[in-house]
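**Q** Each protein sequence line maps, in turn, to chains D and A.
Note that the numbering used here has the first sequence beginning at 1, numbered continuously upward.
Note that the numbering used here has the second sequence beginning at 1001, numbered continuously upward.
For the record, the hints were derived by calculation from the structure and aren't laboratory data.
One or more of the hints may lead you astray.
[To be verified] Derived list of chain D stretches under chain A, where covered just means 3 residues or more per stretch with a C-beta under 8 Å from a C-beta of chain A: (1) 104-112; (2) 189-200.
[To be verified] A short, non-exhaustive set of chain D residues, derived as facing chain A with CB atoms under 10 Å: (3) Arg57; (4) Ala60; (5) Thr91; (6) Gly115; (7) Tyr116; (8) Gly126; (9) Asp154; (10) Ile159; (11) Val161; (12) Asp212; (13) Glu255; (14) Leu256; (15) Ala258.
[Said to hold, decoys possible] FRET-style restraints, in silico, Cβ to Cβ: (16) Pro1034/A to Asp76/D: 44 to 54 Å; (17) Ser117/D to Val1211/A: 30 to 40 Å; (18) Val1046/A to Ala192/D: 58 to 68 Å; (19) Asp193/D to Val1046/A: 55 to 65 Å; (20) Ala1011/A to Val78/D: 34 to 44 Å; (21) Gly31/D to Leu1258/A: 27 to 37 Å.
Using N, Cα and C, we set each Cβ at its ideal position, and we do this for glycine too.
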Amino acid sequence: MITATPSIIGDLAVETDGLVKTFGATRAVDGVNLAIPRGSVYGVLGPNGAGKTTTIRILATLLRPDGGSARVLGHDVVREAAAVRRLVSLTGQFASVDADLTAEENLLLLGRLLGYSRRRARQRAGELLAAFGLTSAARHQAARLSGGMRRKLDLAASIIVAPDLLFLDEPTTGLDPGSRGALWEIVRDIVADGTTVLLTTQYLDEADKLADRIAIIDHGKVIAAGTRGELKGSAGSAGLRIRLLDPADRNRARELIADRQIIASDEPDPAVISARIPVQQRAGAPGQIAARALARLAGAGIGVSDFALGQPSLDEVFLALTGSHPAQAQPGQAQPGQAEPAPAQEAAR
Amino acid sequence: MTAISRHERPAPAGPVAASLAFAWRSLLKLKHVPEQLGDVIGIPVVFTLLFTYLFGRALAGSTHGYLQFLLPGTLALAVVLVTVYSGVTLNADLATGAFDRFRSLPVWRPAPILGALIGDIGRYLLAGAIVIGLGLAMGYRPAGGAAGVIAATALVVLFASALSWAWITLGLALRSPSAVMSAGFVILFPITFVSNVFTDPATMPGWLRGVSDANPMSHLVTATRALMAGTATAPQVLWPLAAAGALITVFAPLTVLLYQRK
Ligand SMILES: Nc1ncnc2c1ncn2[C@@H]1O[C@H](COP(=O)(O)OP(=O)(O)OP(=O)(O)O)[C@@H](O)[C@H]1O
Ligand SMILES: [Mg+2]
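Excised from the complex, chain D in its bound form:
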C-alpha cells in the first residue's frame, strides 16, 4: 500500500491539472486535480452526475478536455493520444461489448485488432473465457448473457492484452453480492499482475474493500482525496463504544462522558453506551478525547469492562463532504448530527 505521495512524474499513472469539460451550460468536470500512483487500485467516488464518467472518458482519450491538462502514464491525453491508447484499456459504465456478437466472437475481434494472429486470438479467448467461468457461454450472444456475465466478459475483453492502466467505470453496479465479490477477486488478480486500476463507483464498501487511495468528487470537483485512513480522519465522526461492568452506572457514566466534543447515547444493551466524536476539532484526535472520557469514568469509580474506538465509515465521510447519500446507504445509517455538510476538504494531491 502506498502511503507517501509520489513526486516523480514517472511514478504516476494519472496526473491531471485543472481538468475541465463542459457540455453547454453543464460543467461536468470543473477543475479536477488527480495524482494517481502506479500499481494500485484508485477509487473515484461520487454521487450521480458528479463527473466520474466524463473524467474517465477524457483520460481514455474519448473526449477532449476543454481546459487543463492530463497525463496518463507520462503521455499527454490530447497530444499523445495514440501512445495513451496503447497502454490503457476501458470498461465503460454501459456494457462495452458488442451485444450482437457471441462472447467468444467479441474476444476474437478484439484479439485480432490488438494484433494477435487468428490462432493466438482463439487461444487467448479460450483462456480468458475459462478464467472468467464463461466457457459454457462462449457461443451465446452477449445480449443474452446475464448482467454479471456480461460484466465479466467486458472485463475479460479489457485484459486480452494486459494494459498498464485499466479504467473500470462502475464495474459492479447492478450486480448481486456474489457476482460483485467475484468481480472484486478478478480485479485484485489483475492488479497483482501489475496493472494499475482506476475505478469509479457509487458504492462506498466497494471503494473501501478495493481501493488503496480514494478521491471523492462532486459537481465536477475533487473535494477530498487520500488513503482510506486519511479520508476517514478528515470528516465524519469516530464511534466509541463502552461496556460498563454495572448497568446501574449507565446514567451517571453517560453524563460524565458527554461534553462539548462527545455526543453520548444509550444502546439497546443496558450496559453499553455509544458516543460519537467528530474527527475534525481543536480539542485533539478522537483517541485523545476518548482517553480523557475514559479517565473521567475511572476517576468517578465506574468500572469499564471493555471499549472500542472505530474510525468513521467512508459512508459518513462521503455524507459529510457531499451532503448527499451514496447510492447504497440506507436512510437509517446516517447520524442526524452529521447531516450538515462540513467545509470541503481540499486534501487532494
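On the provided structure of chain D, position chain A with the ligands as indicated by the hints.
**A** Chain A with the ligands in isolation, oriented as in the chain D frame:
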C-alpha cells in the same frame, strides 16, 4: 485463478487489417441478426415488381417492353436507396458502449467506419443481385450479356459506396437513427425520382427536364443502361465516376473530422 494477464504486447493491427476485422464484425452481425437484411431485400423486390407491373402498360404499352427500359434504372435506384442504411446503422452503433471501446483501442481510428462500409458493400451487391435475378426471371434480357451486367453492377455499387459517405457524415452529425433515416430519404427521393429512372425526361416540362439532365442519378442510370445494353461510351461511364469521386472528396474527410471530434 492464476495468470489471467499476459505480458506480451503484440503490435496492434494496421489500418487494413483493422478495417477487415471490422468488416468481419459486420458479417457476424448479419449472421446473428439476419433481420437487418429486411430493407436490403425488400426495397429491390418491391421496386422491381411494383414499377414494372404498375407503370409498365401505362407508360410503355407493354410490361415486357418497359422492363427492358426500367430494369437498369431499378438496379441503380434500389442500390442507391439502400445506402441510407449505412448512416442509420452507424448512428445506432455509435451510441453503443462497444464503439467506445473500439475508439479507445490502439488502431487506426476510422477503421470501424471503413470496416462497416466494406460490410455495406456486400449488402449493395446483394441488393443488386436481387434486382437482376428478378428481372431475368421476369423476362429482362441484357444485350450487353454477362460482361455488361457485371460492369453495370460494379459501377452502381461503386457509386453507392461513394454516396454512403454522405450518409455516414449524417450518421455522425445527427442525434438518432430515425433522424438519419428521414433526412436521408428526404434528400434522396427528389434526387432519385427527378431523373430518367422511370421515364424519358423528354416528356418532362422544361425546367424539370433541366434538373433531371443535371442530376448525377440520371448520369448513373444512363451509364447503367448503356453498359447493360452493351453500348456504353467512355463519357457515359466517366460522368458517374466523377460524381462518385466528388462525393468521396467532400464527405470522407468530413466524416473523419466529425469522428475525431466526437
Ligand atoms: N454527452 C453529454 N452531453 C451533455 N451532458 C453530459 C454529457 N455527458 C455527461 N453530461 C453531464 O455531465 C454531468 C456529469 O456526467 P457524468 O456522466 O460524468 O457523471 P457520473 O459521475 O459518471 O454519474 P453516474 O454516477 O450517474 O454515472 C452530468 O450532469 C451529465 O448530465
Ligand atoms: Mg457515470
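**Q** Against each hint, give a clear statement of whether it holds in the structure.
**A** Hint-by-hint comparison with the structure:
Requiring three or more residues with a Cβ within less than 8 Å of a Cβ of chain A, the coverage given for the stretch 104-112 of chain D holds, as 4 such residues are present. Check result for the stretch 189-200 of chain D against chain A: holds, 5 residues qualifying (beta carbon to beta carbon below 8 Å, three or more required). Hint status for Arg57/D relative to chain A: holds, with the closest Cβ pair at about 8 Å, below 10 Å. Annotation: Ala60/D was flagged as interfacial toward chain A, and the flag holds, the nearest CB pair being 5 Å apart, inside 10 Å.
With 10 Å as the threshold, the beta carbon of Thr91/D comes within range of chain A, its nearest partner Cβ sitting at about 8 Å, so the hint holds. At about 4 Å, the closest approach between the beta carbon of Gly115/D and any beta carbon in chain A falls short of 10 Å, and the interface hint on this residue holds. Of the supplied interface hints, the one on Tyr116/D holds, with its beta-carbon coming within about 6 Å of a beta-carbon of chain A, less than 10 Å. Among the interface hints, the one on Gly126/D is violated; its C-beta lies about 12 Å from the nearest C-beta in chain A, farther than the 10 Å criterion.
Checking Asp154/D against chain A by beta carbon gives a least distance of about 8 Å; that is within 10 Å, so the hint holds. The restraint placing Ile159/D at the interface with chain A holds, with a minimum CB-CB distance near 6 Å, inside the 10 Å limit. Of the supplied interface hints, the one on Val161/D holds, with its beta-carbon coming within about 6 Å of a beta-carbon of chain A, less than 10 Å. Below 10 Å, beta-carbon pairs count as interface contacts, and Asp212/D has none with chain A, the closest being about 19 Å; its hint is therefore violated.
Hint on Glu255/D is violated. Least Cβ distance to chain A is approximately 56 Å, over the 10 Å limit. About 54 Å separates the beta-carbon of Leu256/D from the nearest beta-carbon of chain A, more than 10 Å, and the hint is not met. Hint on Ala258/D is violated. Least Cβ distance to chain A is approximately 51 Å, over the 10 Å limit. Checked against the hint of 44 to 54 Å, the pair Pro1034/A and Asp76/D passes, with Cβ atoms roughly 45 Å apart.
Our hint of 30 to 40 Å for Ser117/D and Val1211/A is violated, since their Cβ atoms are close to 54 Å apart. A C-beta distance of roughly 60 Å is found between Val1046/A and Ala192/D, which places it inside the suggested range of 58 to 68 Å. The hint said 55 to 65 Å for the Cβ distance between Asp193/D and Val1046/A, and at roughly 57 Å that hint holds. A C-beta distance of roughly 24 Å is found between Ala1011/A and Val78/D, which places it outside the suggested range of 34 to 44 Å.
Taken as a hint, the range 27 to 37 Å holds for the pair Gly31/D and Leu1258/A, whose Cβ atoms sit roughly 29 Å apart.
Checked against the numbered hints given earlier, the structure breaks hints 8, 12, 13, 14, 15, 17 and 20 and satisfies all the rest.
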